[in-house]
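Visitor: Sequences are here, hints too, so could you generate the full structure?
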Amino acid sequence: MPSTTGVIQAIFNPENWEFLAVYLFVGGVFAGLVFTVSVVSIPMILDRDTDAISAAITSLQVVAENTIVMVLWGILLTGLVIVALIPWGFGLLLVGPLLGHASWHAYRGTIHWIDGP
Numbered sequence: 126m127p128s129t130t131g132v133i134q135a136i137f138n139p140e141n142w143e144f145l146a147v148y149l150f151v152g153g154v155f156a157g158l159v160f161t162v163s164v165v166s167i168p169m170i171l172d173r174d175t176d177a178i179s180a181a182i183t184s185l186q187v188v189a190e191n192t193i194v195m196v197l198w199g200i201l202l203t204g205l206v207i208v209a210l211i212p213w214g215f216g217l218l219l220v221g222p223l224l225g226h227a228s229w230h231a232y233r234g235t236i237h238w239i240d241g242p
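Counting in my numbering, the sequence shown runs from 126 upward without gaps.
I should point out that these hints are in silico values taken from the structure, not numbers from a laboratory.
Ranges between beta-carbon positions, derived for each pair:
{"#": "1", "residue 1": "TRP142", "residue 2": "ASP176", "range": "42 to 48 Å"}
{"#": "2", "residue 1": "TRP229", "residue 2": "ASP176", "range": "18 to 24 Å"}
{"#": "3", "residue 1": "ILE211", "residue 2": "HIS237", "range": "35 to 41 Å"}
Quantities reported herein were computed from a predicted structural model and do not represent experimental measurements.
Built from N, CA and C at the ideal position, the CB exists for glycine as well.
Guide: Laid out in C-alpha cells, this is it:
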C-alpha cells in the first residue's frame with residue numbers, strides 16, 4: 126500500500142511536472158466553476174426566499190458583469206485561506222469570520238433589490 130509520504134514524493138517529483146501542471150489546471154477550472162456558481166448564490170439563498178437555480182443564474186450574471194473584480198476577489202480569498210492554513214490551520218479562526226463578513230458585504234453590494242433594503 127502506498128503511504129502518504131510516498132504519494133507526496135511522487136507528486137512533487139521534478140520528473141512528474143506535467144502531471145502536477147495538469148492537476149493544478151483541472152483543479153483550478155473546477156474551483157473557478159464552483160466559485161462562479163456560488164459566490165452570490167449561497168448568501169442569496171440565506172438572505173432571500175429563492176431557489177438554488179435562480180440564485181446560481183444570478184451568481185453567473187454577477188461574475189459575467191464584474192469579471193475582473195470577481196477574479197481578484199477569488200485570488201484574494203484563495204491567498205488568505207492558504208496563508209491561514211500554514212500555522213496548522215489556526216489562522217482560519219481569524220480569517221474565516223473576516224472572509225465571511227467581507228463576502229456578505231460583497232454580496233449586498235452587488236445584488237440590488239427593487240423591493241428590499
